[in-house]
Each structure stands twice: as C-alpha cells, then as structure tokens.
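With chain A's structure known, arrange chain B on it following the hints.
So the sequences go chain by chain: A and B.
Here this note's numbering is used: the first residue of the first sequence is 1, the next is one more, and so on.
Here this note's numbering is used: the first residue of the second sequence is 113, the next is one more, and so on.
By construction, these hints were calculated from the structure, which means they are not laboratory data.
All C-beta atoms, glycine included, are put in the ideal place defined by N, C-alpha and C.
A hint or two may mislead.
[As the list claims (entries may be wrong)] Coverage of chain A stretches by chain B, computed from C-beta distances (three or more under 8 angstroms per stretch; other residues unrestricted): (1) 16-25; (2) 30-42.
[To be verified] Beyond 10 angstroms from chain A on every Cβ pair, some chain B residues (computed): (3) S119; (4) K126; (5) G128; (6) T132; (7) Q153; (8) R156; (9) D166; (10) K183; (11) E184; (12) F217; (13) G218; (14) R222; (15) T224; (16) V225; (17) L226.
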Amino acid sequence: SQQGEEDPQALSIQEGENATMNCSYKTSINNLQWYRQNSGRGLVHLILIRSNEREKHSGRLRVTLDTSKKSSSLLITASRAADTASYFCATENTGTASKLTFGTGTRLQVTL
Amino acid sequence: DGGITQSPKYLFRKEGQNVTLSCEQNLNHDAMYWYRQDPGQGLRLIYYSQIVNDFQKGDIAEGYSVSREKKESFPLTVTSAQKNPTAFYLCASSIIGVRNGELFFGEGSRLTVL
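Extracted from the complex, chain A is given alone in its bound form (with noise of 0.2 angstroms):
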C-alpha cells in the first residue's frame, strides 16, 4: 500500500522560480520525510520533519506539516536545472519504527 500522494505528479519551471510539492498521507505518523531521485538511481534522504514540528528549513528547501489535514508541502526556492528529478514524501506512521511508506512522487522539471 502506499501512504502518500504528491500533488501535482509533474511540474515544470523555469530556473529561479520556486517549486511547491503537497504530499497527503492518510494515518496518524511519526514523521514525514522528503526524498529525491534522480532518474535511474537511488533516492536521497533531503529532510524530516517530526510530527510535533510545523516548518522545517534546511537551505533553498523548506517542509511544512499539517497534521489536523495530513498534508506536508516542500517548497524549493531559487530553483536549478539540477534539482530536475522526482520528489517522494515518505512516512514513518505510528507504531512502525523505522518502516518507511512512500508516496508515488512529483517529477520536476526545471528548464533554462
């Protein structure tokens, strides 16, 4: 079963612009977490966010969790041509420590 959907399932943007993925998730979580895969390889851990947080920042990335709508938005600021991959939230839902549940991701885009 897959936890997650990412809204939408592909963006396209213009280097510079910003890039806002929404993730929904349908059970009570630890935590949520964003991942990246560029095509054809593993994917990258890029930020948790605990379920007691509401924003989280870490460089041009920035995570917000809505717990009370299960939703969690990434938002990539000053987007590049290499942030072109796909975006997978992830949960880790109560009572499964360490058992990750992915949604089926956001390919972006980010053209020149």
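What follows is chain B alone, placed relative to chain A:
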C-alpha cells in the same frame, strides 16, 4: 567511503528462473530494506530486517525471499513465483533506536524478464 552497494546494476532473466540481487552495506546499520519501483510509481516495500537472522514481510512479499545471515548483507531472491518481476529494485538501510529513521539507498538493480 561508507555506503550501500547493490549488484548487479542490470540483470536479465528468462521466465521460470530465480535470480538473486545482492545488497551490502558498511554503514553498521541494523535495519535493511528492499523496495520495488515500477515506472512512474512510488516505492513499495518487499521485505525488511531489523536484526540479523530476522526479517518481516512488507506489502508485496509474494514471490520474493530474503535472508539476513550477516549484518552487512541482505540479498533478495526473485523467484519464478513472482508473476511480474520486471522492475527497479532498491535496497536501503537505516539506524534503529534513534528517532531519525532516515533511509540510505543503494543505486538500484534493474531486472528485466525476457
């Protein structure tokens, strides 16, 4: 450098054959995982192991088997019982006992059934 190594990167198999995908990590992580990814899809959990000589089924374990004889190694066998084995397989590991739960991934193995 520490990391996760998956091999082979590409594998072709005839129908009816079993194949084994290798996953080795030198991160000293307790937990290891196998995920399957189909084109344009997210990751689905096949099996995971939190300690040597113990493992649990994930969401799509049918047609797969694993072993965890060493902390560093978690091989996945795709058996002939797996009806649609063509996919991209990703191995990951994590620390247990801390609240981060971040997964470290290998570069994947792409299996194609001819």
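Mind listing which of the numbered hints don't hold for this structure, in increasing order? 1, 7, 8, 12, 13, 14
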